[in-house]
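Peer 1: The listed protein sequences correspond, in order, to chains A and B. Position one of the first sequence corresponds to residue 1 (the numbering used here), numbered consecutively onward. Position one of the second sequence corresponds to residue 1001 (the numbering used here), numbered consecutively onward.
There could be a bad hint or two in this list.
List time: in silico DSBU-like cross-link candidates among lysine-lysine, alpha-carbon distance up to 35 Å [claimed, not checked]:
hint: 1; chain 1: A; residue 1: Lys16; chain 2: B; residue 2: Lys1068
hint: 2; chain 1: B; residue 1: Lys1234; chain 2: A; residue 2: Lys59
hint: 3; chain 1: B; residue 1: Lys1234; chain 2: B; residue 2: Lys1297
hint: 4; chain 1: A; residue 1: Lys71; chain 2: A; residue 2: Lys36
hint: 5; chain 1: A; residue 1: Lys16; chain 2: B; residue 2: Lys1234
Bear in mind the hints are in silico, worked out from the structure with no lab data behind them.
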Amino acid sequence: MKDVKVYGPGCKRCEKTEEMVKEAAAKLGIEVSVEKVTDPRAIAMAGVMSTPGVSVDGKLVHSGGLPDSGKLEGWLSA
Amino acid sequence: MSVTQHETPHGGMPGWAWSVVVAAGLVAWWVVYHQLPALSEWIVSLLPVARDTHTGEALAFFFYDVPKVMMLLTLIVFAMGVVRSFFSPEKTRALLSGKREGVGNVMAAGLGVLTPFCSCSAVPLFIGFVSAGIPLGVTFSFLIAAPMVNEVALILLVGLVGWPVALVYLGFGLAIAIVAGWVIGRLHVEGWLQDWVRDIHSGATTPGAVESDDLSMTDRYRLGLEAVREIFAKVWIWIIVGIAMGALIHGYVPQDLMVRIMGSGTWWSVPAAVLMGVPMYTNAAGVIPIVEALLGKGAALGTVLAFMMSVIALSMPEMIILRQVLKLRLIAVFIGVVASGILAVGFLFNALF
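Just chain B, with the same shape it has in the complex (with noise of 0.2 Å):
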C-alpha cells in the first residue's frame, strides 16, 4: 500500500492484523471504561478539597464525565466512521431520487443519520438533492435529521442519561424531521428559493464521477481512526466546556431553584427552553452533559428534551450558511415548522411522564 497515513503507524498492516488490533482495542476500552468512578474518586482525594462539599461535587463530575465522555466518543464516532464508509451524500442522493413525499421522508430521515455530513457541506448537499429532483420537503427531512440525530447525541444520551432517553430522543428526533420536512413540503414554497437555486435545473450539475465502491475493510477501519480525530479536533473543547457548565449545575445550583423553573408543571418552561437554544451555539457533545446535570436537579425530561433538540437542530451558524440557497422566508418557515415540533414534543413529555 502506497499510503502515507501519518497519523497511524498501522498504515501498512493486512486487514486481518486490523482486525485484531481493533478488537484488542475494544478490551483495552473496556477495561479502562471500567475503572473511571474510581479514577475520578481518587482524582478529587488528591486535590484539598473536601469531597461532600460544593466544589468537591463539581469537580467529582467534571473528572468523571470528562473522560467518560471522550471515551465513549472515541468508541462509537470509530464505529460509525467505519458504518459510514459504506453511504456516501451520492449514494443517499441515489436512493432518494424519484421517492415521492411521505416514504422520501421517512428513508431522508433515516438516510440522515446514516449518511457522513458536515454542515460546510449543506449548500452543496442541498443543490445535489434538488437538482436531482428529489422534493424540497424531503431533502429538508433529510437536513433537520442529520444534525439532530447523530451518533454523538445518541451515545452520550446512553452513556450520561440512560439508554430509555436515547431511544426517546430517537424516536422523536426522527418523527420531527419526517414530520417537519412533509409540512414544508406540503407548503410548496419551492418559490422561496434563492432565485439561482430554482434556475438549476436536473441535470446542470453532472453526478460526479467520484471513487467507486473499492474500499477494503482497512481502507473502512483508516476511515474510521480519521472520523475519530476529526470529532475530536472539532467537539473537544465544547465538551469541557459543556461539562464544567454541568459540574457547576450539579454542585451549585440548588434542586427546589431548578423543580421550580424547569419542573413540569411550570408550562412556559418548554417554550423558554427552545427559544433560550437557538442563539446558543454547541453541538450534541457540549450540550448532553448540560442535560445531564439539569436532569439530575429535577428539570423535567420533556423540558430538557425540547432545550437539547433547539440547541442541536436550530443553530445561527447552520441558518447563515443555508441563507445563500433559501430566501428568509423560507429560512422563518424551517425555524418556525422544527421549533414547533420540538415544542410538541417537550409539551408531549411532560405530560406524559
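Okay, chain A solo, but in the shape it has when bound (with noise of 0.2 Å):
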C-alpha cells in the first residue's frame, strides 16, 4: 500500500493531478491511499513551493504543475 500525498489548495491543477495519481495506480494495480493536503500551512511544511505537489510515502517526487503521466508510474512502482 502506496501512501501518496496530493498538495495543493484545490485548484484545478491539484483535482487533475489526484485524478492521474489514481488512474495510474489502477493501470499498474497498485494499491495506494490517496489523501489531498489542502492546508497551505502543511502545503509549506512539506517543503512544497509550487503546486500541485506530490509525495509518494512521505517523499516528495513532484511539484509544480501537472506530472508527466509517464514519470507518476515510475514514481510509483518505485
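Now that you have both chains on their own, put them together as the hints suggest.
Peer 2: Here you go:
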C-alpha cells in the first residue's frame, strides 16, 4: 500500500493531479491511499513551493504543474 | 515516450519535428495576424449596423481586438511557457538565498517576471522563501513583480498600445517592485508575520527533492502548450469582458468628458484611478483593452498606467491569500507602500508627458 499525498489548495490542476495518480495506480495494479493536502500551512511545511506537489511514502517526488504520467507511474512503482 | 497527453496529437514526435511544427505555426500565425483588420471590417459589414455609428465603431473595435488579443496571447504564452521551463520557484529560491537586500531586491523583481508563478501558490512560495532565509523585503519584491510585470501584460501593451508604453510599464513596474520591497525590508516588520510563519526556522522545510532538470526540448514545447491551455481557460472571459468594456468606451464615451476626468490637467485623477483599481478584480488581459480605449479617448498616460498597475498589483483576492501569512498591519503596509509607488509613477508621467 503506497501512501500518496497530493499538495494543492484546490485548484483545477490539483484535482487533475489527484485523478492522474489514481489512474496510474489503477493501471499498474498498485494499491494506493491518496490524500489531498489543502491546508497552505501543511503544504508549505512539506517543502512544496509550487503546487500541485506529489509525495509517495513521505518522499516529495514532484512539485509545480501537472506531473508527467510516465514519470508518475515510475514513482508509484519504485 | 510513454506520455499520454490528450490535448496534443503530437505527443510522440521527435524534437526536430516539434521545431518544424513550431516554425510552421509561427508563419501561419503571422499571415493570419495581418489579415485581422480586414477580417473585422468584413464581420461588421455583414451586420445590420452602419459602420460610422457609435455601435459600428464599438463593434469594429470588438471584432478586431478579440482575435488580435487571443492570437497575441497564444504566441507569447507559448513562448513564455517554454522559457519558464528553464526556471522554477526552487531555482529562484536557490538564486536568491544568501543575497543581501538591494542586489536581492533587483534580482527578485527580475526573477519574478521569469519564474512560473500562480497566485494560488503564493503562500507555499512565501514560506519557502522566508524559511530559506531570504529577507522579507526581497520576498516582497518577488511577490510584487510576479503578478504585475508579466508576459501577458507586456505583450498586450505592445500589441494594443505600442511598445514605448510597454517598455515604460516594464521599467516602472520593476522599479516599483524593487523599491517597494526594499522599503518594506527597511521597515523591519518581521514581527507582523503570522506567528506560525515566524516560528518556521531555516531548515524546517525540506527543500523539495523534486524533478531534476532533465526536460527535453519536446517536454518544454509541451509545457508551452500546457501554459496556453491553462491561461486561456483562466483569462478568456476577462478578455471578452475587458474588450467589450473597451469597445463601449471607444464607441460611446465622449472625448471631452474623458479629457476632463482623466486628462493630465486633473490632479486628483491619479489617486482616484489607484483607488478604483484596488477592488476591481481582473487581470492584465481584461484591463489592457480598457487601457487602450481610455488612451484613445485622451486620458493621460500616467493616470491610465496607475489604474492598470493598481488593478493588477493590488487585488483583493491576493490580499486574502496573503492574509494567511501576514498580519493585517503588514498587509496595510504592503498596500500603502505599493500604492505610493504607483502614485509616484502616475504623477511623474503626467508631469513629464
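Peer 1: Does each hint hold? Answer for all of them.
Peer 2: Comparing the hints with the structure gives:
1. Lys16/A / Lys1068/B: holds (31 Å)
2. Lys1234/B / Lys59/A: Roughly 31 Å between the alpha carbons, so the hint for Lys1234/B and Lys59/A holds.
3. Lys1234/B / Lys1297/B: Holds: Lys1234/B and Lys1297/B sit about 29 Å apart, inside 35 Å.
4. Lys71/A / Lys36/A: holds (20 Å)
5. Lys16/A / Lys1234/B: Holds, at roughly 15 Å.
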